[in-house]
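My request is simple: use the sequences and hints to build the entire structure.
Protein chains in written order, with our numbering: chain W, 1 to 319; chain Y, 1 to 305.
Hints are computed from structural coordinates only; laboratory data are not their basis.
There's no promise every hint is true.
Result set (SDA-like, lysine to any residue): computed pairs, CA atoms no more than 25 angstroms apart in a straight line [what the hints assert, rightly or not]:
id : chain 1 : residue 1 : chain 2 : residue 2
1  : W       : 277       : Y       : 220
2  : W       : 277       : W       : 20
3  : W       : 277       : Y       : 189
4  : W       : 277       : Y       : 160
5  : W       : 277       : W       : 93
6  : W       : 277       : Y       : 169
7  : W       : 277       : W       : 119
8  : W       : 277       : W       : 83
9  : W       : 277       : W       : 75
10 : W       : 220       : W       : 210
11 : W       : 277       : W       : 85
12 : W       : 277       : Y       : 157
13 : W       : 277       : Y       : 250
14 : W       : 277       : Y       : 262
15 : W       : 220       : W       : 118
16 : W       : 277       : Y       : 161
17 : W       : 277       : Y       : 248
18 : W       : 277       : Y       : 260
19 : W       : 277       : Y       : 244
20 : W       : 220       : W       : 231
21 : W       : 277       : W       : 24
22 : W       : 277       : W       : 25
23 : W       : 277       : W       : 89
24 : W       : 220       : W       : 207
25 : W       : 277       : Y       : 166
26 : W       : 277       : W       : 51
27 : W       : 277       : Y       : 249
28 : W       : 220       : W       : 230
29 : W       : 277       : Y       : 159
30 : W       : 277       : W       : 79
31 : W       : 220       : W       : 234
32 : W       : 277       : Y       : 163
33 : W       : 277       : W       : 43
34 : W       : 277       : Y       : 173
35 : W       : 277       : W       : 168
36 : W       : 277       : Y       : 36
37 : W       : 220       : W       : 119
38 : W       : 277       : Y       : 165
No experiment lies behind these values; they were computed from the predicted model shown.
Spelled out from the first residue to the last, the chains are:
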Amino acid sequence: MARYLIVRLGQALVIVVLVTIITFVILHLLPGGAARATLGKEATLEQLAAFDHEMGYDRPWIQQYVMYVQRLLHGDLGYSFQLNQSVTEAIGQRLPKTMVLSLLSTLLAIVVAIPLGVIQATRRNRWPDYTITSLSLLAYATPIFFLGLMMIILFSQVWPILPPEAPQGFTLGEVLADPAGLVLPTVTLAVVTVAVYSRYVRSSMVDNLNENYVRTARSKGLSEGRVVVLHTLRNGLFPVITLLGMYLPALFSGALVVESLFNFPGMGQLFWQAALKRDFPILLGVTLIISVATVFGALLADVLYAAVDPRVRLRRSAS
Amino acid sequence: MTTPAETTGNSEGTPAQPDETPVRGLWRQGVEVFCENRLALVGLAMFVVLAAVCFLGPLFYHTDQVHTDLAAVHLSPGTDGHPLGTDGVGYDQLGRLMLGGQTSIIVGLAAGILATVVGTVWGAIAGFAGGWVDAAMMRLVDAMMSIPSLFLFMLLAAIVTPSVSMLIVIIGAFAWLGPARLVRGEALSLRSREYIQAMRSMGGTGGRAVRRHIIPNAIGTVIVNATFQVADAILYVAYLSFLGLGVPPPAANWGGMLSDGLADTFSGHWWLLYPPGIAIILIVLAFNFIGDGLRDAFEVRLRRR
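Here it is, written out as structure tokens:
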């Protein structure tokens, strides 16, 4: 296990370093370079040169990259002159809120998707399976913002029980103080996730229901419910843990759209507003942080998978 | 590089077996299975109809989609020869749907194909080369995959002003990661097969192995994946438009029309909201149906072999 952990952690760190190289390259591909991106359109050539010199952007590329990484390690992601705030501070205010939104919708999606997938697998190629598959495809084909809008029309206009806007608040506590406002964004983000997860649970359960141990359990005379829930579901759910990790990039992309639609004050909305204002220090900072969150989220899922399923860590450390 | 010997023999790319069915027979089987799959045919029909309306419709239904007409804004469907009404600057909504559909379909198809081609070549080279080349190439894929794609698209769309061709490049340039992983997996399992080792021992180059054996064998997986890529690309265009980084007017696409329609949600102009929304859902569904049908077709083909 320790060996597996170290190898997996090493891979994650390599990926994080590569991500910093990608953001570093993008920073320098920007028209006018990093100085123009930070100081904005009105800066004079002298100001740009002074900024480049001060930040060390007139030095060789390798040296610049080392300095970039050193600054990152000190938690310095740059400064947004448009927000008049350091990027670290701006992200720090919003990251917890996005994490809560993602976590809530993932939990909701798991709770809904597992029973759906089990129903599909046990009634394979019959009407419950077809119905859920069709609805999943429909959910997958609908742009998230259109789906969210339908939710707003249904639940705050036609049948006004929920507020159409996410809770507004500076801190996480203020946002959590208004749970009603969190419902629509969470559900909207969860719908597509449910479609993806239930499909995965279905195929994993179908695979397991064909295994010998299930036949043994059945021939022992166990009830079908016991076979499905106690024997098959346990094994069928293990791969879903890895899916949680693999799905993170799509989840964060979805959160970007949902936050923009519901005006939820998280990372996605920060990123969106920065994109419209071409605030590159924020854009690159958020991209970097969200990628690091993705890498370590996937790492966590893999480690969790190895922890609950001994077959995995044996197989992987052997290879 | 192409020698006459390479172009002869249509059974290349499959293991030489005495009782082997000819390649064309396999393709025909695939087509048959695809046609037996009712959902796949429905998907194909949906795509053909939508594409015909968007690309041939304007030949019969003439509208001005360049000049705004502020005297005719927000007309209800059916008034003054506008079957679907007009939008906030006086464009005929039905004509605009056709124009927008052209952009959505072209960008979706082109970006999907670009991503598939780049990903296939990348994955095939990585998988076949193996060793540190493979490791380096795939770590780059891992790193790019861990950046959520919509963030990356928006970052790039904020740097360059998007035009139709730019959108294709932006989406295509980052959507190839999925196909690259798929093909690399196939290539890894294929390269140790006897027939490829035999070819190499006869003096065949690595490039030949990739071109003539690995890519043709992985093509089923790749084509299935490509249809899903197209569906995803159409959605990404919609998201970029919604987030304000789509193609600027007078160009149009369904996603942009839909997000413009969001502003009219509560003013009762339903014809600006639902038609583009439903159009997007239909085209994405169509490609998903086609993809599912193709997967069945290729899987059956493999099983019968």
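Evaluation of the provided hints:
Between residue 277(W) and residue 220(Y), the direct Cα distance comes to roughly 44 angstroms. Violation of the 25 angstroms bound is thereby established for this hinted pair. Taken as a hint, the residue 277(W) and residue 20(W) pair is honoured in the structure, with Cα atoms around 23 angstroms apart against an allowance of 25 angstroms. Proximity of residue 277(W) to residue 189(Y) is assessed by CA-CA distance (about 48 angstroms); at most 25 angstroms being required, the pair is judged violated. Restraint check: the Cα-Cα separation between residue 277(W) and residue 160(Y) comes to about 13 angstroms, which is no more than 25 angstroms; the hinted pair holds.
For the hint linking residue 277(W) to residue 93(W), the alpha-carbon distance of about 19 angstroms falls within 25 angstroms, and the restraint holds. Proposed proximity of residue 277(W) and residue 169(Y) is supported: the alpha carbons are some 23 angstroms apart, at most 25 angstroms. For the given pair, residue 277(W) sits about 47 angstroms from residue 119(W) by alpha-carbon distance, which is inconsistent with the 25 angstroms threshold. Distance restraint check for residue 277(W) and residue 83(W): the Cα-Cα separation of roughly 10 angstroms lies within the 25 angstroms cut-off, and the hinted pair is therefore satisfied.
The hinted pair formed by residue 277(W) and residue 75(W) meets the criterion: a straight-line CA distance of about 24 angstroms does not exceed 25 angstroms. Distance check on the hinted pair: residue 220(W) and residue 210(W) sit about 16 angstroms apart at the alpha-carbon level, within 25 angstroms; holds. Proposed proximity of residue 277(W) and residue 85(W) is supported: the alpha carbons are some 15 angstroms apart, at most 25 angstroms. Proximity of residue 277(W) to residue 157(Y) is assessed by CA-CA distance (about 12 angstroms); at most 25 angstroms being required, the pair is judged to hold.
Of the supplied pair hints, the one linking residue 277(W) and residue 250(Y) holds, its CA atoms being roughly 22 angstroms apart against a limit of 25 angstroms. Proximity of residue 277(W) to residue 262(Y) is assessed by CA-CA distance (about 21 angstroms); at most 25 angstroms being required, the pair is judged to hold. Between residue 220(W) and residue 118(W), the direct Cα distance comes to roughly 22 angstroms. Compliance with the 25 angstroms bound is thereby established for this hinted pair. With a C-alpha separation of about 13 angstroms, the suggested pair residue 277(W) and residue 161(Y) falls inside the 25 angstroms cut-off, and the hint holds.
Our distance criterion of 25 angstroms between C-alpha atoms is met by residue 277(W) and residue 248(Y), whose separation comes to about 16 angstroms. In summary, the hint linking residue 277(W) to residue 260(Y) is supported, as the alpha carbons are separated by about 20 angstroms, within the 25 angstroms threshold. Between residue 277(W) and residue 244(Y) the alpha-carbon distance is near 11 angstroms, which keeps this suggested pair within the 25 angstroms criterion. For the proposed pair residue 220(W) and residue 231(W), the alpha carbon gap of about 13 angstroms is at most 25 angstroms, so the pair holds.
The hinted pair formed by residue 277(W) and residue 24(W) meets the criterion: a straight-line CA distance of about 20 angstroms does not exceed 25 angstroms. Proximity of residue 277(W) to residue 25(W) is assessed by CA-CA distance (about 21 angstroms); at most 25 angstroms being required, the pair is judged to hold. Among the hinted pairs, residue 277(W) with residue 89(W) is consistent with the structure: their alpha-carbon atoms are about 18 angstroms apart, no more than 25 angstroms. At most 25 angstroms may separate the alpha-carbon atoms for a hinted pair to count; residue 220(W) and residue 207(W) meet this at roughly 20 angstroms.
Between residue 277(W) and residue 166(Y) the alpha-carbon distance is near 20 angstroms, which keeps this suggested pair within the 25 angstroms criterion. In summary, the hint linking residue 277(W) to residue 51(W) is supported, as the alpha carbons are separated by about 21 angstroms, within the 25 angstroms threshold. For a cut-off of 25 angstroms, the pair hint linking residue 277(W) to residue 249(Y) stands: about 19 angstroms separates their Cα positions. Straight-line distance between C-alpha atoms of residue 220(W) and residue 230(W) comes to about 14 angstroms, which keeps the hinted pair within the 25 angstroms bound.
Taking the CA atoms of residue 277(W) and residue 159(Y), the gap is near 11 angstroms; set against the 25 angstroms cutoff, the hint holds. Between the alpha carbons of residue 277(W) and residue 79(W) the distance comes to roughly 15 angstroms, so the proposed pair stays at or under 25 angstroms and holds. For a cut-off of 25 angstroms, the pair hint linking residue 220(W) to residue 234(W) stands: about 18 angstroms separates their Cα positions. Distance restraint check for residue 277(W) and residue 163(Y): the Cα-Cα separation of roughly 19 angstroms lies within the 25 angstroms cut-off, and the hinted pair is therefore satisfied.
A C-alpha spacing of about 16 angstroms is found between residue 277(W) and residue 43(W), which places the hinted pair at or below 25 angstroms, so the restraint holds. Restraint check for residue 277(W) and residue 173(Y): satisfied, since their Cα atoms lie roughly 24 angstroms apart, inside the 25 angstroms limit. Pair hint residue 277(W) plus residue 168(W) holds up; C-alpha atoms about 21 angstroms apart against a cutoff of 25 angstroms. Restraint check for residue 277(W) and residue 36(Y): the C-alpha separation of about 52 angstroms exceeds 25 angstroms, so the hint is violated.
At roughly 23 angstroms between alpha-carbon atoms, residue 220(W) and residue 119(W) fall within 25 angstroms of each other, so this suggested pair holds. Proximity of residue 277(W) to residue 165(Y) is assessed by CA-CA distance (about 23 angstroms); at most 25 angstroms being required, the pair is judged to hold.
The structure does not agree with the numbered hints 1, 3, 7 and 36 stated previously, though it agrees with the rest.
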